[in-house]
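Q: Protein sequences appear in the order of chains C, V and E. Residues in the first sequence are numbered consecutively from 1463, following the working numbering. Residues in the second sequence are numbered consecutively from 24, following the working numbering. Residues in the third sequence are numbered consecutively from 14, following the working numbering.
I should point out that these hints are in silico values taken from the structure, not numbers from a laboratory. Errors might be hidden in some of the hints.
[As the list claims (entries may be wrong)] Using 20 Å as the maximum straight-line C-alpha spacing, the simulated EDC-like pairs for lysine to aspartate or glutamate come out as follows: (1) Lys1545(C) / Glu1602(C); (2) Lys78(E) / Asp255(V); (3) Lys202(E) / Glu343(V); (4) Lys288(V) / Glu314(V); (5) Lys78(E) / Asp40(E); (6) Lys202(E) / Glu95(V); (7) Lys1578(C) / Glu196(E); (8) Lys1545(C) / Glu124(E); (9) Lys317(V) / Asp290(V); (10) Lys317(V) / Asp298(V); (11) Lys78(E) / Asp273(V); (12) Lys202(E) / Asp151(E); (13) Lys202(E) / Glu233(V); (14) Lys224(V) / Glu314(V); (15) Lys1578(C) / Asp298(V); (16) Lys202(E) / Asp137(E); (17) Lys390(V) / Glu52(V); (18) Lys292(V) / Glu233(V); (19) Lys317(V) / Asp216(V); (20) Lys390(V) / Asp287(V); (21) Lys390(V) / Asp298(V); (22) Lys292(V) / Asp137(E); (23) Lys317(V) / Asp287(V); (24) Lys1477(C) / Glu1623(C); (25) Lys390(V) / Asp185(E); (26) Lys340(V) / Glu134(V); (27) Lys364(V) / Asp137(E); (28) Lys224(V) / Glu182(V); (29) Lys364(V) / Glu343(V); (30) Lys340(V) / Asp366(V); (31) Lys207(V) / Asp255(V); (32) Lys364(V) / Glu124(E); (33) Lys78(E) / Asp298(V); (34) Lys364(V) / Asp40(E); (35) Lys292(V) / Asp324(V); (36) Lys1477(C) / Glu1549(C).
[Stated by the list, open to error] These stretches of chain V come out as covered by chain E in the derived footprint (C-beta under 8 Å, 3 or more residues): (37) 254-260; (38) 267-279; (39) 347-359; (40) 372-382.
Keep in mind that this is a model prediction, so the values were computed, not measured. Here a beta-carbon is modelled for each residue, glycine too, at the ideal position from N, C-alpha and C.
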Amino acid sequence: MGLVANGRMPASLTKLFNISRSYSLWVYQWGLACCAIEMGAAFGSPRYDVMRLGVIPLPASPRQADFVCVSGTVTDKMAPAVKRLWEQMPEPKYAISMGSCANCGGPYWDSYSVTKGVDQIIPIDVYVPGCPPRPEALLEGIVLLQQRIKNEDMAAKWRGEDYTSLQATNSERNAAKVAASFDADVESAEQQSSSSDPIVVGGGPVE
Amino acid sequence: MTDLSDRQKLGYIASQAADARLNVELETEGMTLNIGPQHPATHGTLRIICRLDGEQVVWAEPSCGYMHRGYEKLTEVRTFPQVTTLVNRIDWLGSFANEVPFILAAEKLMEIEAPPRAQVIRTILFELSRIANVSLFLGDLGVQMGAITPVFIAFRDREYVLNLIESATGGRFHPNFDRIGGLKDDLPAGWIDETRQVMVKLREFCDIIEDLLFGNEIFQSRTRGIGIIPADIAKDYGLSGANLRASGVDYDLRRDQEIAMAWDKADFKVWTHPDGDSFARCWVRLQETRESCKIVEQLLDQIPAGPVMTKVPRIIKVPEGEAWVATENPLGVMGYYVVSKGDLGPFRVKIRTPSFNNISIVPWALKGVYVPDIITILASLYFILGDIDR
Amino acid sequence: MDQLSDDGEATDTLALPGDGLREGVLDDLRSRIGDAIIDTHLVPNVDLWVRVRTDAWRETAVALKADGFTWFSFLSALDWMPSPYGKGEADPTAEAEEPDTEIVQGVTGGETRLQVFARLDDIDRHVGITIKADVSDDAPVVDSWSTIFAGANWHERECHEMFGIGFNGHPDLRNMYLPTEFEGFPLLKDFPLVARMVKPWPGIVDVEPMPAKDDEEGTSSS
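Given only the sequences and the hints, what does the whole structure look like? Please build it.
A: This is how it looks when you write it as structure tokens:
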């Protein structure tokens, strides 16, 4: 791991690791409100069948999970528990925020007891808007997360930095050159995942 | 018992003494067990704190509020048509049923009534949302006892109902379809035939669940005689819906009150069960799903022609007054006490949700049960977190 | 279906038959706690309201339970003060209008800003009753119902948390919903929704006049 300590990873090794990581995701389902049922439909129902995407629901505990899907209203009373759950998860870890309530408070934007967005507590990689989003939207969010993982610079992750895409690292390293697309597979996702900003399903800025 | 020999009596006394000695020797210290706030057995974010003596619960207390969203305050700063968007999300499995009592209360204050066609369609959608709600309960029931298959079947067949609701209302989960004075739209073409086919599938679903679960020996031994709630206790706590009827109380607001809906046009049976245990509650819900299919099938034949919307002012101001309307929702009696001051929005809305009362009996019902029975009792009481915490 | 206002009063007095059931309930109640009843309001075949003296709040529950109202529906409170913040729809930068501070109680009247109210149902006769009682502004405390209707326990906890009303004889008035360190009583009208103070309600566009398509349908006001 001397390479990693130097902050360098052979590109082919990164690619191999990223592909294998993105298709064996254990998802911890943090179902809180209405969206939990749509998440259950996406993860537990035969019609949507999330396992075909290489995502495995129902881990025994957050300590065995790779990403968490926060779905539903986060209240101020629940917020410490969400934070604690996130801290229990091992790195590398990702988070999907599902539904308007988890994104920004949604219909309860003016309520006295609702946290206006779970991103105030934990860093979010993919936002899935909707109230509640259809299971298909959540599946798209998962596909986008997988592309984001495939596009991640793992060395940066191991150094303890936030999400850094390969493109960002490449363009930094070869400032003179034009950063070439890393992989033809991810070309379509390049627009969204070339930056290190979180992704929103269906596009749109994150304010 | 009378013609026991002395030898048998002595044996009995000796065994009792041995038991007592064992109990003294193995006396355990009290232990506090925390279930939740996020636990698969609590359907969301209910937290239950139990104090145990060995395997038995001596004290249990649910801790709510992890899903408190402040509906009653928020309704005060919304206009009447906007409130339905909020109250949709109280009982999120049967959303349409949440809108209806509020709209009826507003109509009561405005002294208008929806046209007959709208009333029948409302009732059909109401019953469909009951099916969507209770079918998930029936599937989830198995999960609580370790059987994972029923939940897949439930999710599969629930999708058919959700598709129906979506094609009629545009919303798969939260329709927001009910308007003061009627409905937003008429039914789409072909919807009635499709619904008939789905109802056949749902009856099959009920049969499958009955075969898989209710005849299962493990299921029976884990639910029969467990969590018994007598009728007078149930009434004291204000239990409603299947929980009350499973205690032998014949009370169903669909039949027992005059209301501007079409239940009186359908012929259905209100099921009760004399036992009051967990099995009775599950069984009553299964029968209710079948009755709902029956109601829907009957009402599909009786949809009258005509408009779905009566004349209402474009900007709705509800006259001053107070009104209470309750309906028999999937989870029990849900009611709205609406106070209007003649403004665009309500002055105060008190939302009476069934799960709040249904779950307030938990400290009573869990006293003295064994730890595995906590799960079955909670599952059979059937609550939805948004419905408890509002 | 369009007799919104015109025919309303005429039918009120003429077409409504007597409501023997609810009148009977009221007579029974009068015979039990006659002197405690301050005001009643009966809409025939619709609903029944009774306002009782605050010190008879518990007594009323006992009498009604004996009268067959055994099913506990809910217990809560009403704050009759108009909200000093309006609906929170005004532009926060503009100068605030003088808020309406006149307290007007609803059905069956009242003298105080806060009222407790509860509903009980008789599930054999299929009739319900709403009971109200004033809560003193200085010492907002009423007697607890939790020993009469076990279900009132949680409702009183909720009411205490939301309105700050105390209940004499309640076993445990802990917070039901909110964290223990939460300050204020959210359902009081003078509890501000801070998010609205910062940003006005975006949904105000809903009451803009719609494009004139069918003028005869409905009368647009304001």
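Q: So, for every hint listed, does it hold in this structure?
A: Going down the list of hints, with the structure as the test:
1. A distance of roughly 25 Å separates the Cα atoms of Lys1545(C) and Glu1602(C); the hinted pair therefore is violated under the 20 Å criterion.
2. For the proposed pair Lys78(E) and Asp255(V), the alpha carbon gap of about 12 Å is at most 20 Å, so the pair holds.
3. Between Lys202(E) and Glu343(V) the CA atoms are separated by roughly 18 Å; this keeps the pair inside 20 Å, and the hint holds.
4. Under the criterion of a C-alpha separation no larger than 20 Å, the hint pairing Lys288(V) with Glu314(V) is consistent with the structure, at around 14 Å.
5. A hinted pair counts as satisfied when its Cα atoms are at most 20 Å apart, and Lys78(E) with Asp40(E) qualifies at roughly 15 Å.
6. With a C-alpha separation of about 11 Å, the suggested pairing of Lys202(E) with Glu95(V) holds against the 20 Å cut-off.
7. For the proposed pair Lys1578(C) and Glu196(E), the alpha carbon gap of about 19 Å is at most 20 Å, so the pair holds.
8. Taking the CA atoms of Lys1545(C) and Glu124(E), the gap is near 48 Å; set against the 20 Å cutoff, the hint is violated.
9. In summary, the hint linking Lys317(V) to Asp290(V) is supported, as the alpha carbons are separated by about 8 Å, within the 20 Å threshold.
10. Distance hint between Lys317(V) and Asp298(V) is unfulfilled; the C-alpha atoms sit about 25 Å from each other, more than 20 Å.
11. Restraint check: the Cα-Cα separation between Lys78(E) and Asp273(V) comes to about 19 Å, which is no more than 20 Å; the hinted pair holds.
12. A hinted pair counts as satisfied when its Cα atoms are at most 20 Å apart, and Lys202(E) with Asp151(E) qualifies at roughly 17 Å.
13. Of the pairs offered as hints, the one joining Lys202(E) and Glu233(V) is violated, with about 50 Å between alpha carbons and a cut-off of 20 Å exceeded.
14. Distance hint between Lys224(V) and Glu314(V) is fulfilled; the C-alpha atoms sit about 14 Å from each other, no more than 20 Å.
15. For the proposed pair Lys1578(C) and Asp298(V), the alpha carbon gap of about 46 Å is over 20 Å, so the pair is violated.
16. Simply put, Lys202(E) and Asp137(E) have alpha-carbon atoms about 38 Å apart, too far for the 20 Å limit, and the pair is violated.
17. At most 20 Å may separate the alpha-carbon atoms for a hinted pair to count; Lys390(V) and Glu52(V) meet this at roughly 17 Å.
18. Annotation: proposed proximity of Lys292(V) to Glu233(V) holds, straight-line Cα distance about 19 Å (limit 20 Å).
19. For the suggested pair Lys317(V) and Asp216(V), the alpha carbons sit about 15 Å apart, so the restraint of at most 20 Å is met.
20. This hinted pair does not check out: Lys390(V) and Asp287(V) have alpha carbons roughly 41 Å apart, beyond 20 Å.
21. About 18 Å separates the Cα atoms of Lys390(V) and Asp298(V), which keeps this hinted pair within 20 Å; it holds.
22. For the suggested pair Lys292(V) and Asp137(E), the alpha carbons sit about 17 Å apart, so the restraint of at most 20 Å is met.
23. Taking the CA atoms of Lys317(V) and Asp287(V), the gap is about 13 Å. The hint holds against a cut of 20 Å.
24. The straight-line distance between the Cα atoms of Lys1477(C) and Glu1623(C) is roughly 19 Å, inside the 20 Å bound, and the hint therefore holds.
25. Simply put, Lys390(V) and Asp185(E) have alpha-carbon atoms about 18 Å apart, close enough for the 20 Å limit, and the pair holds.
26. With a CA separation close to 12 Å, the supplied pair Lys340(V) and Glu134(V) stays within the 20 Å bound.
27. For the suggested pair Lys364(V) and Asp137(E), the alpha carbons sit about 34 Å apart, so the restraint of at most 20 Å is broken.
28. With a C-alpha separation of about 11 Å, the suggested pair Lys224(V) and Glu182(V) falls inside the 20 Å cut-off, and the hint holds.
29. Restraint check: the Cα-Cα separation between Lys364(V) and Glu343(V) comes to about 4 Å, which is no more than 20 Å; the hinted pair holds.
30. At most 20 Å may separate the alpha-carbon atoms for a hinted pair to count; Lys340(V) and Asp366(V) meet this at roughly 6 Å.
31. Distance check on the hinted pair: Lys207(V) and Asp255(V) sit about 42 Å apart at the alpha-carbon level, beyond 20 Å; violated.
32. Note on Lys364(V) and Glu124(E): the hinted pairing holds, with a Cα-Cα distance of about 18 Å set against a maximum of 20 Å.
33. For the suggested pair Lys78(E) and Asp298(V), the alpha carbons sit about 25 Å apart, so the restraint of at most 20 Å is broken.
34. As the CA atoms of Lys364(V) and Asp40(E) are separated by approximately 30 Å, the hinted pair breaks the 20 Å bound.
35. At roughly 19 Å between alpha-carbon atoms, Lys292(V) and Asp324(V) fall within 20 Å of each other, so this suggested pair holds.
36. Of the supplied pair hints, the one linking Lys1477(C) and Glu1549(C) is violated, its CA atoms being roughly 27 Å apart against a limit of 20 Å.
37. Counting residues of the region 254-260 of chain V whose C-beta sits closer than 8 Å to any C-beta of chain E gives 5, which meets the bar of three, so the coverage hint holds.
38. With 3 residues having a Cβ less than 8 Å from any Cβ of chain E, the region 267-279 of chain V passes the three-residue criterion, so the hint holds.
39. A stretch counts as covered by a chain when three or more of its residues have a beta carbon under 8 Å from one of that chain; for the region 347-359 of chain V and chain E the count is 4, and the coverage holds.
40. Coverage of the region 372-382 of chain V by chain E holds in this model, with 4 residues showing a Cβ closer than 8 Å to a Cβ of that chain against a need of three.
Taken one by one, the earlier hints fail for this structure at numbers 1, 8, 10, 13, 15, 16, 20, 27, 31, 33, 34 and 36, listed in ascending order.
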